[in-house]
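2 protein chains.
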Amino acid sequence: MEIGKEIRVFAPASVANVTCGFDILGFPLSGTGDELSLIAIEEPIIRIKSIEGFDLPLDPEKNVAGVVIKKFIQDMNIKTGFELSLKKGIKPGSGMGSSAASAAAAAFAINELAGKPLSTKELVKYAMEGEKLASGIPHADNVAPALLGDFVLIRSYEPLDIIQLKAPEELYCTVVHPHIQVKTEDSRMILKKQISLKKAIEQWGNVAGLITGILTSDYQLIGRSMQDVIIEPVRSILIPKFKEVKESVLKNGALGCGISGSGPSIFTLSKGERNARNVQDTMRKIYQNIGVDFDIHVSKINKQGTHLI
Amino acid sequence: MEIGKEIRVFAPASVANVTCGFDILGFPLSGTGDELSLIAIEEPIIRIKSIEGFDLPLDPEKNVAGVVIKKFIQDMNIKTGFELSLKKGIKPGSGMGSSAASAAAAAFAINELAGKPLSTKELVKYAMEGEKLASGIPHADNVAPALLGDFVLIRSYEPLDIIQLKAPEELYCTVVHPHIQVKTEDSRMILKKQISLKKAIEQWGNVAGLITGILTSDYQLIGRSMQDVIIEPVRSILIPKFKEVKESVLKNGALGCGISGSGPSIFTLSKGERNARNVQDTMRKIYQNIGVDFDIHVSKINKQGTHLI
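First to last, the sequence lines map onto chains A and B. When the first sequence is numbered by the working numbering, its final residue is 309 and no position is left out of the sequence of numbers. When the second sequence is numbered by the working numbering, its final residue is 309 and no position is left out of the sequence of numbers.
Accuracy of the hints is not assured; some may be wrong.
Note: identical chains are not told apart, hence a pair may lie in one copy or across any two.
[Unchecked claim] Distance condition first, Cα-Cα at most 30 Å in a straight line; then the derived DSSO-like pairs of lysine-lysine:
| id | residue 1 | residue 2 |
| --- | --- | --- |
| 1 | Lys62 | Lys198 |
| 2 | Lys192 | Lys303 |
| 3 | Lys193 | Lys116 |
| 4 | Lys193 | Lys243 |
| 5 | Lys71 | Lys5 |
| 6 | Lys166 | Lys300 |
| 7 | Lys198 | Lys71 |
| 8 | Lys251 | Lys79 |
| 9 | Lys246 | Lys303 |
| 10 | Lys199 | Lys243 |
| 11 | Lys121 | Lys198 |
Calculated directly from the structure, the hints in this document are not laboratory data. Computed from a prediction, not measured in an experiment: that's the story for all the values here.
Make a model of the complete structure from these sequences and hints.
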């Protein structure tokens with residue numbers, strides 16, 4: 001480890017769950033995310049020098065980037081320390097993979113500094129440590145897409161089986177973040193632990209359709225398959241104007257619409273940028289009308305994932 | 001309708017459910033199936049002249065081919081009658097799509113005689129009438145693959161959304177039919193109506209993996225994804241030696257193994273014919289040892305579906 005060497009990385013925001021793909025599917029956005037600078041230092045400690053953008057703990061034990069780096073140091077038997085600075089581009093609790101971006105950035109950066117002992121895919125389990133701290137559950141459906149780019153399927157957790165799916169070229173995402181807070185724990189808590197077999201079959205029919213649509217660039221099939229009959233009916237009640245947004249965007253260029261992660265952000269997929277911009281206008285009007293603050297991002301599906309800057 | 005004209009068709013056996021793809025996925029076999037001859041007659045009745053192979057009702061109201069033809073005649077406002085002869089190659093109650101093959105053959109044959117007013121895909125809903133008679137449920141996961149060939153996904157029933165998935169070139173199926181009877185109604189009855197969300201997520205992760213494996217010809221991924229954590233644990237208890245067969249075939253060339261339809265047949269998928277033959281030998285030994293009669297079929301995934309002979 002070269003003392004004093006600095007690595008700077010960008011890790012994107014991401015959309016997990018993707019309607020029917022609850023807990024197994026996600027994709028990253030372009031242009032929105034976290035920047036992290038990591039410097040190897042002599043003293044064998046993890047020091048968080050600064051966090052810009054949002055108020056988050058500087059104690060490395062309580063910070064997602066901190067715990068990712070700690071786990072990597074332990075496993076790789078690294079004797080030096082690290083100082084990190086973080087520039088948050090995603091608001092925590094937005095449902096756009098804020099903690100995942102910091103975790104992915106930290107895993108990617110320390111792996112670079114250590115001379116790349118691990119592949120990007122192998123970094124997923126380190127980034128998952130950050131998710132465990134943030135939400136209590138080491139889920140991978142934000143960190144894996146944030147690290148790898150493209151759609152990413154988490155087929156299984158034990159063993160961890162991560163499969164990248166090439167995103168169709170003209171697929172755009174519009175995501176609106178109404179500024180209300182929904183905690184991942186809370187939105188997990190309201191889920192039913194038992195569901196009907198009938199609904200489950202509907203859901204996995206749609207999952208199969210969505211995967212087929214993605215892999216064959218069948219945009220209409222992607223749209224038809226973007227239905228979540230299990231989680232959305234429960235969680236969407238936590239999101240103001242969800243139903244109205246969904247109905248309106250489907251009439252104005254969106255192939256499909258759902259909750260981003262555990263909310264409150266709402267995402268759509270559209271074919272082509274023009275449709276994605278129409279969706280943006282539609283969302284803007286609805287939230288302007290009710291006086292809720294919000295921001296909206298339009299981007300292609302990010303194919304690059306976390307990278308050096 | 002040309003009176004006296006005869007159409008002869010072959011409709012293949014098929015495997016529905018395909019482990020995690022319960023109720024949404026199926027594929028047809030090659031070389032095993034039903035042959036149907038259909039002749040337009042002047043008298044406006046449906047007459048079943050003969051059924052070879054297995055003892056099934058000659059009353060057209062109680063015969064799957066009969067009800068399919070009746071529905072087609074009604075919808076298309078056909079004034080002539082039809083006489084049919086059926087040569088069954090699949091034992092009813094085997095779990096290999098016996099009723100589906102007769103239904104598919106009937107729908108295909110009458111559409112040919114009528115000058116092809118419908119596409120093969122449009123025939124699915126007619127063939128489903130046969131399934132409704134046979135099991136009480138108009139399921140499509142045998143008739144759609146039997147008609148179309150290749151893997152077929154039933155994304156949704158309302159509206160009916162049927163998607164053909166090109167099967168990987170080297171994919172073979174071995175299916176063993178131990179000669180015990182499991183009725184579709186009985187095997188439906190023992191299923192739990194409520195399942196845990198956790199298991200459902202596992203299942204749709206595997207469905208996503210299986211579809212990805214099929215569409216990208218990733219044989220190992222197909223194998224890893226062929227897991228059914230919901231239906232198989234319940235239904236497999238009705239099938240003698242299921243566990244032993246599964247464990248043995250996975251050690252002897254099978255990518256994955258599961259219940260064919262609602263059983264008692266057990267199917268595997270393998271890469272290449274040699275592996276599929278090894279699986280055949282393994283299955284044979286197990287059932288020979290316990291003195292249960294059986295038959296085994298080895299075939300590529302059928303890409304042709306129902307066709308004229």
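> Which hints from the list above does the structure break, by number from lowest to highest?
Replying inline: 2, 3, 8
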